Amino acid sequence: MSQSIRDVFSGVGILFRGFGMVVRRPRLFLMGAIPPLITSVLFLIALITLLVNIDDIVTWMTPFAEGWAAGWAATLRVAVGIAVVAGAVLVMVVAFTGFTLALGFPLYDRIAEEVEYELGHAPAEVEEPLAGAIARAARQSAVLVAVSAAVAVPLFFAGFVPVVGQTLIPVLSALFGGWMLGIELVGAAFDRRGLRRLGDRRRAMGRRRSLVLGFAVPSYLLLAIPFVAVAVFPAATAGGTILARELLPASAGPDGG
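Each residue of the sequence shown is one higher than the last, beginning at 1 in full-length UniProt numbering.
One thing to keep in mind: the hints can contain errors.
What follows is a list of derived Cβ distance ranges for each label pair [as the list claims (entries may be wrong)]:
hint, residue 1, residue 2, range
1, 171, 60, 54 to 64 Å
2, 142, 74, 31 to 41 Å
3, 225, 13, 14 to 24 Å
Don't read these hints as lab results, they were simulated from the structure.
All of these numbers come straight from a predicted model, not from anything done at the bench.
Quick reminder that beta carbons are idealized off the backbone N, C-alpha and C, glycines included.
Hey, can you work out the whole structure from these sequences and the hints?
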């Protein structure tokens, strides 16, 4: 078995380890579930609104297909509908993560701290004012959402391509969405080590892509399911800290590693 495949399975295992850690702390788990519950309700309303109106949206977007044969017009509109929903879900999951992390910042910082201490060799936290940390996290989340939205556009147009749009594009969306989610979820552990730039996270993740995707893609898919995310989010937060420890040497910090 190649190293890449082993890393994928190890990444999936990290998500299960995250579940184990938060389940052993019911109070922390329940507290960590409140922010994603609030966010899930808001995003579910938005998603239902999109799905209820998807026929009208697709018809509005494809006026040129009015004169086509019924079969071709239906095929095109199904492809466009799938692309619209896939793009919306991609942006929603990344936005969901950023919004939930900002909403429950102290809670998820506590989960990350608990994971660090349970695993041992927890680094001394590099101090940062709470207000500044929340503002920086919000800015970085906005950047990630903007990047996700920008990538969703070409994925949307690729969804017009028959067969490819219904097979390859959803896979690419999950891979990209998982990667962006991973950048969010390792943030607390990187911040604790004084590595506060998004570039720090991307470089470390780039060295172990298979491990990152093995953890982040299942997390992304689970977080895309309304209300399942309520249970998954605390576990994914814990898993993000475990993943960060795998990516960074023990001595990593702003001046080294």
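How the hints compare with the structure:
1. Look at residue 171 against residue 60: about 28 Å separates their beta carbons, and that is not inside 54 to 64 Å.
2. For the pair residue 142 and residue 74, the supplied restraint of 31 to 41 Å holds, since their beta-carbon distance comes to about 38 Å.
3. For the pair residue 225 and residue 13, the supplied restraint of 14 to 24 Å holds, since their beta-carbon distance comes to about 21 Å.
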